[in-house]
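Those protein sequence lines, which keep their order, are chains C and Y.
With the first letter of the first sequence counted as 1, position 378 gets the number 377 in numbering that gives the first Met the number 0; the numbers rise by one all the way through.
With the first letter of the second sequence counted as 1, position 47 gets the number 46 in numbering that gives the first Met the number 0; the numbers rise by one all the way through.
Think of the hints as simulated: they come from the structure by calculation, not from any bench.
Mixed in with the good hints, there may be bad ones.
Cross-link-like lysine-lysine pairs, in silico, DSS-like; alpha carbons within 25 Å at most [unchecked claim]:
| # | chain 1 | residue 1 | chain 2 | residue 2 |
| --- | --- | --- | --- | --- |
| 1 | Y | Lys269 | Y | Lys186 |
| 2 | C | Lys360 | Y | Lys186 |
| 3 | Y | Lys117 | Y | Lys186 |
| 4 | Y | Lys117 | C | Lys360 |
| 5 | Y | Lys248 | C | Lys369 |
| 6 | Y | Lys269 | Y | Lys248 |
| 7 | Y | Lys186 | Y | Lys248 |
| 8 | Y | Lys117 | Y | Lys248 |
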Amino acid sequence: MSEPIETHAVDVLVIGAGGAGLRAAIAAHDAGARVGLVCKSLLGKAHTVMAEGGMAAALGHVAPDDSWQVHFRDTMVGGKLLNNPRMAELHAKEAPERVRELESWGAVFDRTTDGRILQRPFGGHSHPRLAHVGDRTGLEMIRTLQDRAVSLGIDVFMECTVTRLISGAHGICGAYGYWRTTGRPVVFSAKAVVLATGGIGRAYSVTSNSWEYSGDGHALAYDAGAELIDMEFVQFHPTGMVWPPGVRGLLVTEAVRGEGGILRNRDGRRFMWDYLPEDRRGEYAATDEEAERWVRAASRSQPTDARRPPELSTRDNVSRAIYQEVRDGRGSPHGGVFLDISYLPADHVRQKLPSMYDQFKELADVDITKGPMEVGPTTHYVMGGIRVDAETGATTVAGLFAAGECAGGMHGGNRLGGNSLSDLLVFGARTGAGAAAHAAGFPGTPYLDPVQLRVAERELGEPLERLDGEDAYAIQRDLQETMQTLVGIYRTEADLTEAIARLADLRARWLAVRAPNGRAYNPGWNLVFDMRNLITVSEAISRSARQRQESRGAHSRVDYPDLDDRAWGGVNSVVHRASDGTMEVGTSPLVSMREELRALLGGAH
Amino acid sequence: MTGPRQPGEAGRAVTVVEPTEVTAASGPATAGQVIEAAVPAEAAGATATLRVFRGEAGQDTRFEDFAVPVQEGMVVLDALHWIQGNAAPDLAVRWNCKAAKCGSCSAEVNGHPRLTCKTRLSDLDLAEPITVEPMRSFPHIRDLVTDVSWNYAVNRTIQPFTPPADLPQSEWRWQQADIDRLQEFRKCIECFLCQDVCHVLRSHETERPFMGPRYLVRTAGLEMHPIDQADRRPYLKELGNIGYCNITKCCTEVCPEHIAITDNAIIPLKERVADRYYDPLRWAWRVLRGRLPELPVGRELPVFPGGQPPAASADPQADGSEAAGTSPPERRDEPS
């Protein structure tokens, strides 16, 4: 502690450089703020880069009937009406402009025959709506935003992890972290902080998420006193790879189904016919013939009166269907089901799904133009997150903002595919502007409380100094096993209670964790703080899941198998830190919906 | 400032092979895990030896051997993760997506620049140790991690997408065929393997900095955009020094995205530059008109950090003491 800590002063500090963080940084910069952008990995490697299928926006290029109103309704219906309706409204209205803006910054989307941005169909969307670039849309998006931010001269702090937020008299006013390459501490003084840290998928052993998805923003906000909502809603994507073991959980894009992929069980049965919810059955094809007619038309971007195939049901529903097929002994040899696109021309498949073709060819020795893939559910996304104001992204703590996956409310109980990339853009931009406005009104200069800095410094150093103890990988294994087996697709009261007890035990073990061999680029040490965050987030998920005694969207209770609108249809789950430091879970009424929005839902509400 | 290790030389000079006895049977408790047990019982027999470059820049770098139980379909990155989880929790390796989409896990496997997430153990000779080293062209940080920040600095010198000011976006139209080539360039995942293998960068013998294949690909993507208005040829010639590339196609060979870097990006750019500067008729026209060559738009390239005389870093031990006191690699962008 003898030498002064490296300190950087900015107006707006953005933590996370995926789609939401980059877009927030650009917006804050455009509003005149001096911006610092911090990311755990190298720039351009954030999880957004892995997004495949596309970004949903009612551009109406393929289906002229599409509109923000229909997009709004699809989003609310997909979210089982738990969504913040104002967020769903803003998202549907502003997504087209955000997509066009990307194009004006150099993004090169696939084209329609008349030369405009092409749109593809996806689960739960009434119309072909996803602007895309083959199956690597996320790469196009992050590269475009990254080059834009760089050309604007925004300061980027790469391979830097924030471990604590610093608060002062006017709310959050800074952050404490360390450089991954050297392990040396670094402090940011900021008049507003934007959390854009993504999700929590590393809490599970089967996940499509990278090591970065350790719930940092969720946990930092919770520790700072912010509220987390809807944490029981974790999206298990229906199609992850299941074989070979090293790639288990890797994402197989929903675009495979959007392009016509058919799900079959071991007996060759197209089982999704058996799982369509009765009240929505009319939206789907009635026969194989009608579904195939829809696929042929979609592959040429032609309008059709055929309805969409049953595979394009919402993700929560398809995941449960696959889970049940496997559980009942009708799965594929490696514990999944079959997904087949090989009935379409090989050239077409390679053009529309190039990275899926490569992924299966190179990692699983499967040629998807010749035979089916084996797929099963994988942890993919958390709908729950930090409670934010729809207009500005402000959290319930002054000076703290959140956007993207770590923010809650937009997607309710289940997110539609394609709504995430557009969410990042719409609310990234709004939150960056909101944070810049807050920073502009910040009185004076942020004061960084030395006591908080010392606490943060001590926490960093302790695992390095302990002479014995287990390493963080052991805690990670047990945490992932706990969440995978007890807080997965299907949940019970007993399992959730058991999970909460095990998490308490893991927290006690975490206090004694050891990370030898120095600070410089030491993953064993870095993982310690990821685990701290994941234990907090996992407890929030488990407690929220135990509280909600019904099945809705992505949350399925074996002991409460039905939707219970009377008891649970009108509330969000809320988690916050009580004054004694324990986690408190409760509910709050849904954000009220304006009458004209309610009218758009028609019979759905 | 520590220089890069010299190909195949510096590492060996300080090699301390320390076989670590790690077998499937002695691995920490994974038996109770049903779904993702790192060591399934049926694989307990087969092992691969990974010979991994270890240590901090300029300090006592060495190779360490690890016996890793082999699973069906395993890639080198899986093996490195197994080592982290069971034998060396501090093993430094960059990775993110594990699906060849992010370009983080670049390394040299048995001397070949590869993404470790895409390199299957079944394609390697498991009778011999599998050597895993960091990329050789970039300054070493620790274990398999190198300082690639120079690449980001080069990227900042390129003039961004410049659409026409007088064409409203609502009228932008182009056909898929017009952008197929562009989309090939934009598949780049910035793994920097092409930069690593480029012999112009690797041998550091040029007087002026060379932008390298990655940024020629990016520039090609901008130059060939249907409505981009900028002329980056003066930049390519004067600052990016495209002339240094002599088309050996090493970059194309290592590209995990199968981008035809040399044929589709570099050669067409070279032709455009030649057309702009060396076409005799244009040259004569300029002379007659008395026009000076245009100044390049864009910024000066930063000096490649590995660009020191090879002798200065031939023996990492020699500069070890000095390196211990060097400042950390620059990780942040310059303020505008």
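These are the hints, each one checked on the structure:
For the hint linking Lys269(Y) to Lys186(Y), the alpha-carbon distance of about 21 Å falls within 25 Å, and the restraint holds. Pair hint Lys360(C) plus Lys186(Y) holds up; C-alpha atoms about 18 Å apart against a cutoff of 25 Å. A hinted pair counts as satisfied when its Cα atoms are at most 25 Å apart, and Lys117(Y) with Lys186(Y) qualifies at roughly 16 Å. Of the pairs offered as hints, the one joining Lys117(Y) and Lys360(C) holds, with about 11 Å between alpha carbons and a cut-off of 25 Å not exceeded.
With a C-alpha separation of about 32 Å, the suggested pairing of Lys248(Y) with Lys369(C) is violated against the 25 Å cut-off. Only pairs whose Cα atoms come within 25 Å are accepted, and Lys269(Y) paired with Lys248(Y) is accepted, the gap being roughly 14 Å. Between the alpha carbons of Lys186(Y) and Lys248(Y) the distance comes to roughly 18 Å, so the proposed pair stays at or under 25 Å and holds. With a C-alpha separation of about 21 Å, the suggested pairing of Lys117(Y) with Lys248(Y) holds against the 25 Å cut-off.
Of the numbered hints given earlier, the model fails hint 5 alone.
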